[in-house]
Amino acid sequence: MTTQEEAKELVTKAWNAMWLLDLSTLDEFYAEDVEISGFNPPKQTTWKGIEALRAHCKELQPVVTSKAFKITNLDVVNDGNSFYATWEDQFQVKIPGQEHIMEQRGIAHIVKKGGKIGTWTMYEDPTPFVAMAMQGQMGPPPA
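Following this note's numbering, the numbering of the sequence shown begins with 22 at its first residue and continues without gaps.
What the hints contain is simulated information worked out from the structure, not anything from laboratory work. Check before you lean on any hint, since a few could be wrong.
Said to hold, decoys possible - Within a straight-line C-alpha distance of at most 20 Å, the following computed EDC-like cross-link-like pairs (lysine to aspartate or glutamate) qualify:
1) Lys69 x Asp96
2) Lys29 x Glu109
3) Lys134 x Asp54
4) Lys137 x Asp54
5) Lys29 x Glu80
6) Lys79 x Glu30
7) Lys91 x Glu26
8) Lys69 x Glu49
9) Lys79 x Asp100
10) Lys88 x Glu53
11) Lys115 x Glu30
12) Lys34 x Glu53
13) Lys133 x Asp43
14) Lys137 x Glu26
15) Lys133 x Glu80
16) Lys134 x Glu30
17) Lys69 x Asp54
18) Lys115 x Glu26
19) Lys137 x Glu72
20) Lys64 x Glu27
21) Lys133 x Glu53
22) Lys64 x Asp48
23) Lys91 x Glu72
24) Lys91 x Glu145
25) Lys29 x Asp43
26) Lys34 x Asp48
27) Lys79 x Asp96
28) Lys69 x Glu53
29) Lys133 x Glu27
30) Lys34 x Asp110
31) Lys34 x Glu120
32) Lys29 x Glu145
33) Lys137 x Glu80
34) Lys29 x Asp48
35) Lys115 x Glu80
36) Lys79 x Asp43
37) Lys88 x Glu120
38) Lys137 x Glu53
Predicted, not measured: the structure shown is a model, and the values here were computed from it.
Based on the provided sequences and hints, a complete structural model is requested.
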């Protein structure tokens, strides 16, 4: 059974692995057939398989970087194989002309498979995205 501290460590390390430039540690934390679901403006999207996750991370790297991921609460359920976590982060938005720090928070449901993360479903607070959209910051900068 996974303890709360072990779960927090796994989730934090797995999150941080998605932001390493070479993505060299993804395989340590995510199952080969992992399914990750999260907000990818303008909609909720699911990436299936470690290679789809790797490709998505490479797409994000030039646009945004996680700077301060923190689990604010985590509950271990289902004999230690599932976690519900609330989290917060600060993202460095790197879009030319729209650089800023975006504070974000949300909830995640994570299920382990073979000791690694098998599914990660994340729901984010849309407030920062709404604020960006209202300021015309959701697309590429004007030409």
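Here is what the structure says about each hint:
1. Of the supplied pair hints, the one linking lysine 69 and aspartate 96 is violated, its CA atoms being roughly 25 Å apart against a limit of 20 Å.
2. The hinted pair formed by lysine 29 and glutamate 109 meets the criterion: a straight-line CA distance of about 13 Å does not exceed 20 Å.
3. For the given pair, lysine 134 sits about 9 Å from aspartate 54 by alpha-carbon distance, which is consistent with the 20 Å threshold.
4. Distance check on the hinted pair: lysine 137 and aspartate 54 sit about 10 Å apart at the alpha-carbon level, within 20 Å; holds.
5. Our distance criterion of 20 Å between C-alpha atoms is broken by lysine 29 and glutamate 80, whose separation comes to about 26 Å.
6. A distance of roughly 23 Å separates the Cα atoms of lysine 79 and glutamate 30; the hinted pair therefore is violated under the 20 Å criterion.
7. Distance hint between lysine 91 and glutamate 26 is fulfilled; the C-alpha atoms sit about 13 Å from each other, no more than 20 Å.
8. For the suggested pair lysine 69 and glutamate 49, the alpha carbons sit about 17 Å apart, so the restraint of at most 20 Å is met.
9. This hinted pair does not check out: lysine 79 and aspartate 100 have alpha carbons roughly 34 Å apart, beyond 20 Å.
10. A distance of roughly 26 Å separates the Cα atoms of lysine 88 and glutamate 53; the hinted pair therefore is violated under the 20 Å criterion.
11. For the suggested pair lysine 115 and glutamate 30, the alpha carbons sit about 28 Å apart, so the restraint of at most 20 Å is broken.
12. A hinted pair counts as satisfied when its Cα atoms are at most 20 Å apart, and lysine 34 with glutamate 53 qualifies at roughly 17 Å.
13. Under the criterion of a C-alpha separation no larger than 20 Å, the hint pairing lysine 133 with aspartate 43 is inconsistent with the structure, at around 24 Å.
14. Of the supplied pair hints, the one linking lysine 137 and glutamate 26 holds, its CA atoms being roughly 16 Å apart against a limit of 20 Å.
15. Distance hint between lysine 133 and glutamate 80 is unfulfilled; the C-alpha atoms sit about 25 Å from each other, more than 20 Å.
16. Straight-line distance between C-alpha atoms of lysine 134 and glutamate 30 comes to about 16 Å, which keeps the hinted pair within the 20 Å bound.
17. A distance of roughly 7 Å separates the Cα atoms of lysine 69 and aspartate 54; the hinted pair therefore holds under the 20 Å criterion.
18. A threshold of 20 Å between alpha carbons decides the hint, and for lysine 115 with glutamate 26 the separation of about 33 Å lies outside it, so the pair is violated.
19. Using a Cα cut-off of 20 Å, the hinted pair lysine 137 and glutamate 72 holds, with the two alpha carbons roughly 15 Å apart.
20. Restraint check: the Cα-Cα separation between lysine 64 and glutamate 27 comes to about 31 Å, which exceeds 20 Å; the hinted pair is violated.
21. For the hint linking lysine 133 to glutamate 53, the alpha-carbon distance of about 12 Å falls within 20 Å, and the restraint holds.
22. With a C-alpha separation of about 26 Å, the suggested pairing of lysine 64 with aspartate 48 is violated against the 20 Å cut-off.
23. For the suggested pair lysine 91 and glutamate 72, the alpha carbons sit about 26 Å apart, so the restraint of at most 20 Å is broken.
24. Between lysine 91 and glutamate 145 the CA atoms are separated by roughly 14 Å; this keeps the pair inside 20 Å, and the hint holds.
25. Restraint check for lysine 29 and aspartate 43: the C-alpha separation of about 23 Å exceeds 20 Å, so the hint is violated.
26. For the hint pairing lysine 34 with aspartate 48, the CA-to-CA distance comes to about 12 Å; that is within 20 Å, so the pair holds.
27. The hinted pair formed by lysine 79 and aspartate 96 fails the criterion: a straight-line CA distance of about 30 Å is larger than 20 Å.
28. Restraint check for lysine 69 and glutamate 53: satisfied, since their Cα atoms lie roughly 9 Å apart, inside the 20 Å limit.
29. The straight-line distance between the Cα atoms of lysine 133 and glutamate 27 is roughly 12 Å, inside the 20 Å bound, and the hint therefore holds.
30. Restraint check: the Cα-Cα separation between lysine 34 and aspartate 110 comes to about 14 Å, which is no more than 20 Å; the hinted pair holds.
31. The hinted pair formed by lysine 34 and glutamate 120 fails the criterion: a straight-line CA distance of about 26 Å is larger than 20 Å.
32. The straight-line distance between the Cα atoms of lysine 29 and glutamate 145 is roughly 18 Å, inside the 20 Å bound, and the hint therefore holds.
33. For the hint pairing lysine 137 with glutamate 80, the CA-to-CA distance comes to about 23 Å; that exceeds 20 Å, so the pair is violated.
34. Between lysine 29 and aspartate 48 the CA atoms are separated by roughly 18 Å; this keeps the pair inside 20 Å, and the hint holds.
35. A distance of roughly 12 Å separates the Cα atoms of lysine 115 and glutamate 80; the hinted pair therefore holds under the 20 Å criterion.
36. For the given pair, lysine 79 sits about 9 Å from aspartate 43 by alpha-carbon distance, which is consistent with the 20 Å threshold.
37. Only pairs whose Cα atoms come within 20 Å are accepted, and lysine 88 paired with glutamate 120 is accepted, the gap being roughly 14 Å.
38. Distance hint between lysine 137 and glutamate 53 is fulfilled; the C-alpha atoms sit about 9 Å from each other, no more than 20 Å.
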